[in-house]
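Protein chains in written order, with the working numbering: chain A, 1 to 755; chain B, 756 to 919; chain C, 920 to 1211.
Warning: the hint list may mix true and false statements.
[To be verified] If you want a taste of the chain B side facing chain A, the calculated C-beta under 10 Å gives, among others:
| id | residue |
| --- | --- |
| 1 | 765 |
| 2 | 770 |
| 3 | 790 |
| 4 | 792 |
| 5 | 809 |
[Unchecked claim] Distance condition first, Cα-Cα at most 20 Å in a straight line; then the derived EDC-like pairs of lysine to aspartate or glutamate:
| id | chain 1 | residue 1 | chain 2 | residue 2 |
| --- | --- | --- | --- | --- |
| 6 | A | 10 | B | 844 |
| 7 | A | 618 | C | 1164 |
| 8 | A | 618 | C | 1177 |
| 9 | A | 264 | A | 223 |
[Stated by the list, open to error] Calculated from the model, a selection of chain A residues having no Cβ within reach of chain B, i.e. all distances over 12 Å:
| id | residue |
| --- | --- |
| 10 | 153 |
| 11 | 228 |
| 12 | 241 |
| 13 | 430 |
| 14 | 432 |
| 15 | 581 |
| 16 | 639 |
| 17 | 732 |
| 18 | 750 |
Derived from the structure by calculation, the hints contain no laboratory data.
Just so you know, even glycine gets a beta-carbon here, dropped at the ideal spot from N, CA and C.
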Amino acid sequence: MAVHESWIGKALPRVEDRALIQGQGQYVSDIRFDGQWVMALVRSPHAHARITRIDTEAAAALEGVRAVITARDMEAMRRGLPESGPVAPPALAYEEVFYVGEPVAAVLADNRYLAEDGADLVQVHYEPLPVLTSAEQAAKDEVILHPSIGSNVFDAFHITSGDGREALKQADHIIRATLQMGRVSPQPMEPRAIAASYNPVDQTLVVYHATQSVHRAQERIAEITGLDKDHVRVIAPEVGGGFGVKNGSYPEEALVTYLAKHFKRPIKWAGDRFEEFLSTSQEREQTHHVELGLNKDGTIVALVDTYYQDNGAYPGGGAMVSRNTARNLPGPYRIPHMHIDGYTVFTNKVMQRPYRGAGRPQGHYIIERMLDRAADELGLDRVDIRMKNLIRPDEFPHRTGTDSVYDSGDYPADFSDLLELIDVPAFRRRQQEERQKGIRLGLGLSNCVEISAGFGFEGVRLTLMEDGRVMLATGATGQGQGHRTALAQIAADALQLPVERIVVMEGDTARIDKGIGTFGSRTIIMAGNAATMASEGLVAKAKEMAATLLEAAVDDVVFSEGQFSVQGVPSVSMDWTALAERVAQTGETPLSHEDVFSSGVATYGFGSHAAIVRVDEKTGETRIERYVIVHDTGKVVNPLLANGQVIGGTVQGLGSALYEEMIFNEDGQPLTTSFLDYRLPGATESPDIEIHHRDYPAPGNPAGYKGVGEAGIIPSQAIILSAVEDAFNDRGLKLDFAPVTPARLFQALTREETK
Amino acid sequence: MPNITLTVNGTQHHLDVEPRWLLADVLREQLNLTGTHLGCEQGVCGACTILLNGRPARSCLTLAVTADGADIVTVEGLAKDGELHPVQEAFWQEHALQCGFCTPGFLMTSVHFLNENPNPTRPEIREALSGNLCRCTGYQHIVNAVERAAETMRKGANHAISQD
Amino acid sequence: MKPPAFEYVCPASIAEALEALAARDDAKVLAGGQSLIPMMNMRLARPGLLVDINRVPELAAIQDEGDTLQIGALVRHYQLETDARIKEAFPLIPAAERLIGHPAIRSRGTIGGSLSHADPAAELPVLAMLGDWEMTVASRDGGVRRIPAAEFFMSYLMTTLGPDELLTHVTVPKQRTGGSHIAEFAVRSGDFALAIAAAMVELADDGSVRSVRFALGGVSDVPWRDLDLESSLVGAMSSDALWREAGRQAAEAIDPADDIHASSSHRRQLAETLLTESLSRAAEQARERSSH
């Protein structure tokens, strides 16, 4: 068989789709254990309150309700969740609740209807406590939420590069602004879900989990249940989107797994949309006080930024977002001097934890918006100020001063290409013409570096199956990215097999011992390189086997065109299938090889984005007319999937630029807890995105892969605010809050007009 | 418990249902047709869209008991004898799905839409899909897929899903 | 999100339905369910008895009565969108339908459900007010009464319908002449509108206003209409300036509430913009019709 064409680089439709388009994909909510109990939760209606009494009798007496659990009657429920940072939330609140939606009691019943009936009947008595809804207010520590830490500021850091703040004195101009991002609720289409079944005979727990990392979940669940890790099997079946929020520890994980073992009953919780709004982690909410120092010609001298992240009631991984914001503040620009003070602060909201982008959008939002503002104040063009400060290829490796070493690409060339595609002079003419007719068009521009991976490892185990196909197992659990296709393409090339002969198994701790998971656009970089390494290892083992079978010395065995043959005797050869058959006949264990790729070197993708918007100043509506991206994806495994990631990320970002904002009232009540009030962009609001590739392989890993999952979402908020301002550049409109919803634009325009 | 009759994907079922059970739950739990997904239970996301007597409907906003006697098509009923419906085939070829959770609803909406409007423009497709939310794809590839399916269906045989 | 338990009846006639409604005071009518079921799923509505009227054929009829069209309460949105008799009698109905929700919502939702739900930001209540529709309601003990739209809507999500009453049909006076238009602003396609403006205009041969009516949605607790303002425009020459002024005066007369989606002044500006647009377009259409 002629197999050795390159699968890498092919726009291959996905192998996972045949099941999904026929409704055969199995998600956690589709799992049904015999005799299972279904869980519903009683959640706090208060943002901050003391629990004075819980009455569960009526609920427990209801037919079909099997148990009602509170932290008062089950001490284990008070324990802090694993992997939770300096203040761990309990599975169920014991004395105090810290956000609306915090679980207070669990009801187990025969089905979800009955469980909700039970939850209705649980009466919790509360004594309201003072509520903190603003990070800057909370940072004053007038009310301290978690006395064990002694301050609401649970993470503070200070970064100085070059001469730091001092360098502002060297600047001709200092531009000052306070810029904010509202809270975003990530909202994967599948709400969080988990189901667990315990076998008391062999003391094993099988957990179906909508998680982004089965191995880290396995460790947490072992800790929660007290079982040995190898007695806990975690399977992530189809996962309906993750975007970061299915990556961490949650009370429901502890409840379902602990209670399944405790009651020796399968237990399932499939969260609903309301719960997704109340209890799943959120992101983006920060307030920055920024100073940007520049020379007369627009060259950046120094950036000084003090910011506060409203992290909600618990730390989670929130400090990582705050710190990653700092790392991303320079964007693709040369900033010789910086001083950054970042404060991550408790408030009475659901916690903030990494969401797609995780600090990258925030950092870029600040630098891009400050460049716009600087250009406007210095009388420079918004294009020119960017070109002047973009890092040039001859400066690589470039140290940013915030712990990154940019290594590849050609930022000015990509940006120039973008400007040409947009034809900025032609746009400016059209903008003027349309403005005469009362139509406001605006152009937004933004550049971004996508920093991916750069820590940890990921493994791949390859096994030659009896029928000659190769099973590829990895701990990097996908949530729709198409790993089963992309990793198969990579292994197919290395094993010289048709891609359909590779069967990828992801998300099952029984298939591979170790793994980190899928987040931060790391899987193709980490598991992709591991797949190549494991393939090489498997080929080496196969050669040894072939040497025995072909009665030749290993060094004489040649692997070419998918055939193992003896040097100089090409007529005698065997392929993977023949090898597998012989292994099976001899009764030996199947050929298998596992390898791990570890790397501390991040990858640095790049994108230049342009958006043309049409703004209706009467209604406050912003529509996107055109959206163009010039993108460096590194070595591309599957352009169909890569573009899917970029387009999907971009549209998700447009949501947080134009529509999506979690609004809380002063009592900490979330007011946008449905898809009616919290608006995801729909098909009508979303533009067609033009993507132009300028791909530079990453020098930091053998295959040259770069991350692509965050690429689209990084510049969204910056670029849309930039474009809307540009539509009103004759009136000097300044926007300092994302998203720019119709309501907020109306506010900004009328405030500006009444001045 | 009321007893109802549903014809689902051509097969007739007699079922005992509690009046409060949502049609989506009955399809999923009693008939094991888990391709119909519950995304919001408020009628906004469209993941649970099915064809009810030939028209798209939210199975999360329909009580099973009120659907007594109805003819229902779910995503499981689109392929015939192992052959994918052109809309399914187009979703596959155009990479119109990532996590796949919203996909059944998009497929059912698109099948009905193309039966009514075999030669749509891109804006018409976007409008037709506006009642279905997708968080992964950004919609562009879905619109491509519906365009492609329209072309296939115009060229090809009759792919009308059996109704009435 | 699952509905709490309830009793269920599925009457085959109006009489049976009325009997059921009269039997207990926590009964609710189930029509298309597109507003009621979400509220039950969220357990914000907890009816003790659901009276499912989906199998009452009398309620699903559309009848031409000469000067009016009678539309049964169970006529669904997609029928309102596509039925030729409706388009002929009141072209704003299909125009509004295209703005309502999404195809799957329009498959199930009904005219009766929409009107008795009485969301002031919904399209059909605005048209009912604009077109002086009459709601016919029946009850076991009270017989039949006909309620003009102006008296039907009481407040946000509240009508004069009693708990034992059933809206059986809507009488829509036919629009014989002139032009009409409906405009709205929703943040996304199919969302509840932040504001709606609908208008009907008849012009005399000289281009002066013979009659004009307009209604706004989303700006008060019931669909808004101002008869004095309407009559002040009669006799004036139709012009963009006239309609701009009408829009301005209407915006001054309303007092919308603030909410998270739009401030009062934003809604006022939306109302002015949309009403000016609707009046101008309706007048334009009236002019075109009379010149043919």
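Consistency of the hints with the structure:
no.: 1; hint: 765; verdict: violated (15 Å)
no.: 2; hint: 770; verdict: violated (15 Å)
no.: 3; hint: 790; verdict: holds (2 Å)
no.: 4; hint: 792; verdict: holds (7 Å)
no.: 5; hint: 809; verdict: violated (19 Å)
no.: 6; hint: A/10 to B/844; verdict: holds (19 Å)
no.: 7; hint: A/618 to C/1164; verdict: holds (16 Å)
no.: 8; hint: A/618 to C/1177; verdict: holds (17 Å)
no.: 9; hint: A/264 to A/223; verdict: holds (18 Å)
no.: 10; hint: 153; verdict: holds (33 Å)
no.: 11; hint: 228; verdict: holds (32 Å)
no.: 12; hint: 241; verdict: violated (4 Å)
no.: 13; hint: 430; verdict: holds (21 Å)
no.: 14; hint: 432; verdict: holds (27 Å)
no.: 15; hint: 581; verdict: holds (29 Å)
no.: 16; hint: 639; verdict: violated (10 Å)
no.: 17; hint: 732; verdict: holds (33 Å)
no.: 18; hint: 750; verdict: holds (30 Å)
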